[in-house]
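Chemist: Just so you know, the protein sequences line up as chains H and Z, in that order. This note's numbering puts the first residue of the first sequence at 3, with every later residue one more than the last. This note's numbering puts the first residue of the second sequence at 19, with every later residue one more than the last.
What the hints contain is simulated information worked out from the structure, not anything from laboratory work. There may be inaccurate statements among the hints.
Computed far set for chain H versus chain Z, every beta-carbon distance over 10 Å [stated by the list, open to error]: (1) 86; (2) 148; (3) 153; (4) 213; (5) 266; (6) 291; (7) 313; (8) 316.
Selected chain H positions facing chain Z (in silico; Cβ < 10 Å) [to be verified]: (9) 15; (10) 18; (11) 88; (12) 97; (13) 105; (14) 177; (15) 179; (16) 241; (17) 244.
A quick note: this is a predicted structure, and the numbers were derived from the prediction, not measured. Ideal Cβ positions, reconstructed from N, Cα and C, are used throughout, including at glycine.
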Amino acid sequence: MGGIEEFMVRTNPGVDPHLSVWEWQIPIYLFLGGLAAGMMVIGAWQELWGRGRWESRLSVLGALAALGALSVGMLALLLDLENPQYVYRFYLAFQPTSPMSWGAWILLLAYPALALWALISVNGDALESWICRFAFLSPLRTLRRAAAGWSTAIRLVVLVVGGALGVYTGILLQTLVARPLWNSGLLGPLFLASGVSGGAALYMLFRGDRSTLSVLLKWDVGALVLEALLLGLLLLEKMSGTPLDRLAAATLIGGPYTGTFFGLVLVGGIAVPLLMEALELRNPQRHALFAPALVLVGGFSLRAVLVLAGLATGFQMVANA
Amino acid sequence: MAKEKRLVMSVDTLRCVGCSACVVACKTENGVPLGCTRDWIVEETTGRLPHLAMELRSTRCNHCEHPGCVAACPTGASHINEGGAVLVTHHKCSGCKACMAACPYDARYVHPEGYVDKCTFCLHRTADGGLPACVSICPTKALTFGDANDPGSEVSQKLRARKHKVLHPETGMSPNLYFLI
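The shape of chain Z in the complex, shown without the other chains:
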């Protein structure tokens, strides 16, 4: 029997140049309101002069397997969709913001229309076999999206071939946004 889909994204930190094309593409594709963003760039510098290292990461909701936001939601608006994407049903969201307090990545924001909004893995595109807007625009091909349970998928191959990490694994939420290092 075929395994259930597990949608994940990998971010190649050696390819990402922090150009923010993913951010702009997401805002345009999803009509993200002015001043808000569903994905963003983190520039992390470690070490001490002169031995510094910099990592650039395109970051967004981690679509965790055990998401704290879904556990905290009192109305069931935050839920795990088929394939593992974490979504918010707008008309069920009272805007209590418990999910925002529960998210270790601070990946959610309040939409001016009153509901809590976040990355959806562009399910309106990916359901038909397309790619999320951020992935399709990335000029350095740093982003890869796909089914981690399909051994033949590009993202599975990259995760097998490359060293990778997730952010804040200690929360036990099993994030599905992988950073190739």
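Okay, chain H solo, but in the shape it has when bound:
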């Protein structure tokens, strides 16, 4: 038997010749959401159980950066919606089978958790000076006093919500079974690992002292190693899977996204910064910003490649392979 060739009279925009309904907005959100998740996980973990020094200044900066990242990311999501005026519909329903619905509610939890985390981590004097300048902030003083007794619980919530935020985007893609590149349980952990590596990299850009930097380097090296392992397993799974899986893997290896995948994700985003940071572990340098910058570029590229390449994969590939 020979091949199968399909000819189809259909030209729906964004659907044909292959699905392309998601553009730059989704990778931007996945990247920024991942960054926020990584910063929440690292900061809360360090404060709860971390060994080594951790500056509370970093928690405040981390919480504020995560709030900013989430806000910009959600704006990108809003720009992606075809009917943005119905965005409130996400909060009139909870659909347990839809990871996107879970995500909407996780995002809603993340905001107060991050705000409280920033409030309990901020230096009391700094808060007072802000209150002196802006009197309307004075309720924060009472809120901080009340929240102080719940600091462990707040950090635990930040850790759990951060973990959920980091992992759900991968599960969201995984459950869309019509796109073979995404159908893997490895995607959730991969996105979390990538978020943690990006979160550590962003913390490094805040230039903590040398012992804090040493802690962050360990987080980043660990997350990058895990990310490389998970990506390797994902490729192995796809390359050894069904014909559809193999065609999906071919979009990354020998396909249109190969250059970006190898150049910006595997080499530039993982291998090079991993090597630099592993060497730097012996002697942390406060001004070594190149490796963290590469990690951030790699984190965004990973999302962009997986979203755009994955979207283009589908059952139509088998027919005309």
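For this one, chain H is given, so just place chain Z on it according to the hints.
Modeler: Frame of chain H; chain Z shown alone:
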């Protein structure tokens, strides 16, 4: 007790000539916007020269029993209607397009008004006992629509009498668009 309705459609691939009358009828009946379509024709050629075989299929949303699109929808806009037809409530649809990424048949498109649109089995006609526009126009009678749980319905009889297949059964979505082969 009578079984619940299960609305299905069969496409006789031995009768379909790919004339696209179903496509035109659907666009006219449902006011489908220019450049978009809810149903379409697939021409599949298999084999190797000189032993080639061609199959023509009029295709549309498969109104799956376990639809991935409904599972993926975060707002509940995509839902299963009485009888099993998969529909989109326009004013609940935020246009996130998760359903489009979840559909193995790529049967949905974004309507210029912002919601995701697809075949409805012409429920505005079939609710009153009529036929979908595509079925009623088909000049070769290749399309049959009806209740698969009614043993006396024409579609049930055809599915009992003829060999048939569904597309991508491996997804586990249990599609309700049958192709008689």
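Chemist: Evaluate each hint against the coordinates.
Modeler: Hints versus structure:
1. 86: violated (7 Å)
2. 148: holds (34 Å)
3. 153: Residue 153/H clear of chain Z: closest Cβ-Cβ about 33 Å, beyond 10 Å.
4. 213: holds (44 Å)
5. 266: holds (23 Å)
6. 291: holds (36 Å)
7. 313: Label violated. Min Cβ-Cβ 7 Å, cutoff 10 Å.
8. 316: violated (7 Å)
9. 15: Since the shortest Cβ distance to chain Z is 6 Å, the answer is holds.
10. 18: At 8 Å from the nearest chain Z Cβ, residue 18/H passes the 10 Å test, so the hint holds.
11. 88: Since the shortest Cβ distance to chain Z is 4 Å, the answer is holds.
12. 97: holds (6 Å)
13. 105: With a minimum Cβ separation of about 8 Å from chain Z (threshold 10 Å), the hint on residue 105/H holds.
14. 177: Holds, about 7 Å.
15. 179: holds (6 Å)
16. 241: Status violated, d = 19 Å.
17. 244: holds (8 Å)
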